[in-house]
Every structure is written in C-alpha cells, then in structure tokens.
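Asks: Here is what each chain is made of, one letter per residue.
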Amino acid sequence: MSITILKAGLQTTLQGAPFSAHRHLGMPAAGAADCLSLALANFLVGRPSGAIAFEITLSGALFRFKGPCSIALVGAAEYLRINDQQQPRHQTLTVKAGDMVDIGPNRLGCRTYLAISAALQADSLLDGQSTYLPAGLGGFHGRALRDGDSVPFVPDSPVTALQRTTPESLRPHFSNDYMLRITPGPEAAERNESALDALCLAPYAVGMRANRMGLALEGEPLSASDSSNMPSAPVFPGTIQLPPSGNPYLLGPDAQTTGGYPRIAQVIRADRHLIGQLRAGSRIQFVQITTDRATEIYREKLSLLTSWLGQITMW
Amino acid sequence: MTGELPSLHICDDWISIPLSDWEMVLAAQTVFGASNDWTEIVPGRDSIALQFDPAAVTPDQAGQIVLKHLANLERASGTSSATVVIPVCYDTVFAPDGEHVARKLGIAVETLPAWHASQVQRVAMLGFMPGFAYLESEAECNEIGRLANPRQSVGAGSIGIIGRQSCIYSFDSPGGWPIIGRTPLRLFDPVRDQPAILSAGDIVRFEAIAKDTFDHWLQDATK
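As they're listed, the protein sequences go chains Z and E. So the first sequence is residues 1 to 315, counted in this note's numbering. So the second sequence is residues 1 to 223, counted in this note's numbering.
Rather than coming from a laboratory, the hints here were simulated on the basis of the structure. All values reported here derive from a predicted model rather than from experimental measurement. Hints are not guaranteed to be accurate.
Said to hold, decoys possible - With the C-beta cut set under 10 Å, the calculated list includes, among others, these residues of chain Z facing chain E:
#, residue
1, Asp197
2, Thr239
3, Arg263
4, Ala265
Glycine included, every Cβ here is placed at the ideal spot set by N, Cα and C.
Could you build the full structure based on these sequences and the hints that come with them?
Replies: Here's what the structure looks like:
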C-alpha cells in the first residue's frame, strides 16, 4: 500500500528521530525540526515518538491514501480536510483507500507533522531513516517529496482501534514571537561576552535565509571578534554562531557537525523544538540562563510530557 | 594527561574540551568513546565536544566524569594507522584555484600536483558533512587561507588546501577552501559497512591521475 503525494508544497520530507552517535563521521542530526509536534502526532496513532512521519512546511500539502490506516495531524497547519470535510487536528482519525487528505497552509509557525499508524518506508542508514537533504541521504531517496511521488507503507494489521485526543494543555501554540532560552557558548566568555549580553537585549528577527540548516537572524549587529583563524570546532542544532558580519546565525537540525565561527550561545534542549517553527519574519527574544537551570527546565518539561506520551526523547 | 587539566566549557547538554592539537583530540575520541556516557563525541581541530543526556546526568556530574577521564588522557603513540591512497586529478578543469595556491606557496603551477602528491598527510578529523575529511600535512609550507568569497557549490571529491591543511569534500556543497583537484572516489557511501572511507588518524597519500582515468573511474562507479 502507499500514499501518493498530489501536492508536495514548499517542502515535504520524511522525518523522524535524528541520526545519533555519528557526528564524528560528519553525519548531522537531521530528523524532525520540531520533535514535540512529531511526538504528539505519533502518539495519537500509536507509534513511537521518533517514528517516520511527513514533515510539511509552510504551504500545506495534498495526499491520496491507497490503503486504510489511522492518521493524526499536529503542527502549524491551519486546517485538515479529508475528502473536503473539515477534520480536527490533535486527534486520531481513520482514512480508507482513496481518501484525499488536504493539509492547509499556515499563518503562524512553520512545520506540521502528519503521522500514520503504519510504518512508512524510507531509506535506512546509520540506524536512522530521516531525510538529510544536503547530502541526499535517508528518507525518500534523500530528497524532498515531489508531486506524484508514492511513499509505500506496511499496513498495521488489523487497523488499530486506538482513539486519542491531545489534551488542550499540551497542544503547541504558534506565534510570531518566541522566547528561546540560551546558555553561553565556548567562545562567549573570552572575547564575545558583550555580544552575548547584546544578543539578549532586544528581539532578533528571522531573515529570508531560513531553512533546516539554519536561520540568519537580523537585528542590532553584534560586535564580532576576529575569527578568520578559528580552527573548526563542534557545533550542534541550536548553536548560535557569530560570523564576521555580526548577524547571529542559529543552527537547525541539518546543520554541519563542525564550524569555523565563534559559538556564542546554545539554545537549551527544552526549547529546541521551537526552532522548527521559526520562519522568515518570526521574532525571537533570547534569555540567558545557567546550565543548571536549563537541566531543571528540561526535566520539568520531560516529566510533563511523559505523563501523556510515556517515554519520549527530545533533541 | 600531565600538567594542568584544560578548563571545560559546559553549553547546556554538551561539554567543550579545549586540547592542544588534533593528535590529542584523536586520543580523546578513543578514551571517551570507550564508555556509554556520551550521546555524541564530536572532534574539532583543537577541541572535542561530548554531548550528554540531561535527563540522566546533570552538567556538574557530566563535567566530573570528563575530568576523571582527562587525567588518563595520553597522546596516542605507536598506534598503527591505515594508509589510504586517494587518486586525484589535478587537471585545470578541477583546479580553479591552482594558480592562486601555487603563487601563495611560491612554486610554479605546473609543479603543484607533484608537490601536493608528495606530501604525507594524516586525517585529523571528519566533520562538516558525512565523510568530509580534514587532513594535516607533516611538511611546513606557506599559509594560503580561505577564499574571500566562498563558492555556492563545490563538487563532491574536490580537494581543498589552505596551507598545511587540506580537505576532501564528500558531497556537493558550499565551500570556502581553494580547490586544486578532484578525486573520483566516493568518500561516504551509506551502503558500505564502513560508510566513510577515511577515519581520523589514517595516513593519506594522493596519487595524481590523468583526466581520462578520472572519467573512466566515474563511469565504472556508475555502471
């Protein structure tokens, strides 16, 4: 059985858990840009939090199902329609062969996850199946889906009778204004302390250069120390680099594993799922906290989520 | 490790450890790789980053584990390294920066291939993209530096050089290193048991090949 993509929209990829423990080979994380929305969607269809799902970006997408299964939609999309009938998001729904699933565009936020109660077939490598677009690896032949593509799935037998609705209190809210909490990066202390303070003074806006690799931020330019001879150093999703232009650059899930710009800050793990919902024009207020506080916040958030989702991982 | 231990920097869920050089980074990869404490171990040129699970350990606890292991960190010596021969076509079509590099090195551009292929290189680390290799030459030479304007696209297999450091691009990607040649080898192929053909610590020798050899090689690879 399979799902045909009638309209792939701006960028629809297969994404689940990130690649892990292979950064020493240069393999980036990839995976869902918003791991929380993915986990919520997967839970509604009885799948593990990191199971492969459709990650849909900004413009919406249109699918035709060629077999029965349960689906669930969580994310920024304004609406979900099955055969032109408006359907609730955040809820388990059943589709049958021939059904058209129409995911609307989004006014706020950036990404939406369509989870399926069946295993979507995707290329496997390094213990993962997510799509890493820059090198054309994983997912659907390493690329974004195009109109007319068909993604096979192995149907669950029998179709699960699971019926779940995400509690109101756990549903993500989308906005144009975000607060991201950060801890200082390795190059913050020595030469760029004033830059780190300045970063938290006023909001920064996401510029037009915004994709899964990273987001160029616009605002008051920061004073950058000379980094022309900086040796390549490890970076992670959520690392904020300070290039010579003084415009901070926030790394996303597809970011390279090493970089040559000063690492002035790191977005805390509890807030990193929000990076996946940033789009050109989104405004970010950075707030500096301690690493101890970051750990507390992460554990509190995890405990809140596991009360509904069971064991999950966030990245 | 003798003498004073380096000062750690804890960034949320990862720890940056400054080290003296890439050989110490390589030794640290081995030492920290022997335990299950870390979700990622990422080498840099003169530092290494260890990522931990903040649900399982606090930053302080992670830092303590690092310090305990750092005390045992010794420069790797006498370890056997694999030697990997990388065929490179230095033809001008693959060497857009040949003239620039030769001028910086103070040698004639015709002698650049022989000069580069005569160097013994070590793989300092993999990073940036899957299988992308950072190499370190044993011989001293002039610094060349990166391009003032990075290219939007550098072809997979391109050989870059900024002085004692060379690199091999594993996939088509943007890039700022001056380019002097190209290998037909696939540096990273997920269908192989070992997807990356190079590992940190390997010895690399470049072997100059002609343009038609390069073309045949690519044809064979795509058959």
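Asks: Compare the structure with each hint and give your call.
Replies: Cross-check of the supplied hints:
1. Asp197: This hint is violated: Asp197(Z) lies away from chain E, its Cβ roughly 17 Å from the closest one there, beyond 10 Å.
2. Thr239: holds, 8 Å
3. Arg263: holds, 7 Å
4. Ala265: holds, 8 Å
Checked against the numbered hints given earlier, the structure breaks only hint 1 and satisfies all the rest.
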